[in-house]
Amino acid sequence: MSAEEPQDSSPEEGEDLRYFIRIGQTDLDGTKTVERSLTDMKGIGKRTARIIADAADVDRTALFGKLPEDEIDSVVDVVQNFEDHVPEWMVNRQRDFYSGETAHITGSDLEEKRRHDINRMKMVSSYKGVRHQRGQKVRGQRTKSTGRTEGTIGVNVEEIKEAQAEE
1 MSAEEPQDSS
11 PEEGEDLRYF
21 IRIGQTDLDG
31 TKTVERSLTD
41 MKGIGKRTAR
51 IIADAADVDR
61 TALFGKLPED
71 EIDSVVDVVQ
81 NFEDHVPEWM
91 VNRQRDFYSG
101 ETAHITGSDL
111 EEKRRHDINR
121 MKMVSSYKGV
131 RHQRGQKVRG
141 QRTKSTGRTE
151 GTIGVNVEEI
161 KEAQAEE
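Counted from 1, the sequence shown has number 111 at position 111 by the UniProt record's numbering; the numbering is strictly sequential.
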């Protein structure tokens, strides 16, 4: 590369870059692509991020912070109304226990609903609730050799040597 050729990163390009995009209560990184930045939000994985970018008619490989304001608004709208853009089986909260509604929950609301569901399972003493209470594995994993939460009880060589020395 010769000295006369301009470099790719000029100061003018960095000025129009938004470093943070706020969706709900989550700040997303504007220096990542749209697809990767959306996966930082709780409740949105790789496949969901790809569907959101396609539904908002946005290039999923473009930098999120360099998108025009109207495209960012369309992404935010699709995230907030995700259940309108996909079939019912694709959302993460189908037929809610109390309201019966189907919705896609993201961010801190997802953590709150999860805690609420676990507390309900504990209150009714379902199998999963009892396992949660005891701190054991819930989803049918093996527990004979893994998932041990008590302290390790091993052989203390120093105590054995001290006991032998006393005898």
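Rather than coming from a laboratory, the hints here were simulated on the basis of the structure.
Values in this document were obtained by computation on a predicted structure and should not be read as measured data.
A virtual CB, placed ideally from N, CA and C, is assigned to each residue, including glycine.
Any given hint could be a false lead.
Here are the computed distance ranges between Cβ atoms for each label pair [said to hold, decoys possible]:
#, residue 1, residue 2, range
1, Gln94, Gly24, 19 to 29 Å
2, Asp77, Lys32, 15 to 25 Å
3, Ser99, Arg134, 28 to 38 Å
4, Ile160, Gly107, 32 to 42 Å
5, Arg120, Pro68, 15 to 25 Å
6, Glu159, Gly135, 41 to 51 Å
7, Ser108, Tyr19, 15 to 25 Å
Comparing the hints with the structure gives:
no. : hint                        : result
1   : Gln94 x Gly24: 19 to 29 Å   : holds (20 Å)
2   : Asp77 x Lys32: 15 to 25 Å   : holds (20 Å)
3   : Ser99 x Arg134: 28 to 38 Å  : holds (30 Å)
4   : Ile160 x Gly107: 32 to 42 Å : violated (55 Å)
5   : Arg120 x Pro68: 15 to 25 Å  : violated (44 Å)
6   : Glu159 x Gly135: 41 to 51 Å : violated (29 Å)
7   : Ser108 x Tyr19: 15 to 25 Å  : holds (22 Å)
When each numbered hint is compared with the structure, violations occur for hints 4, 5 and 6.
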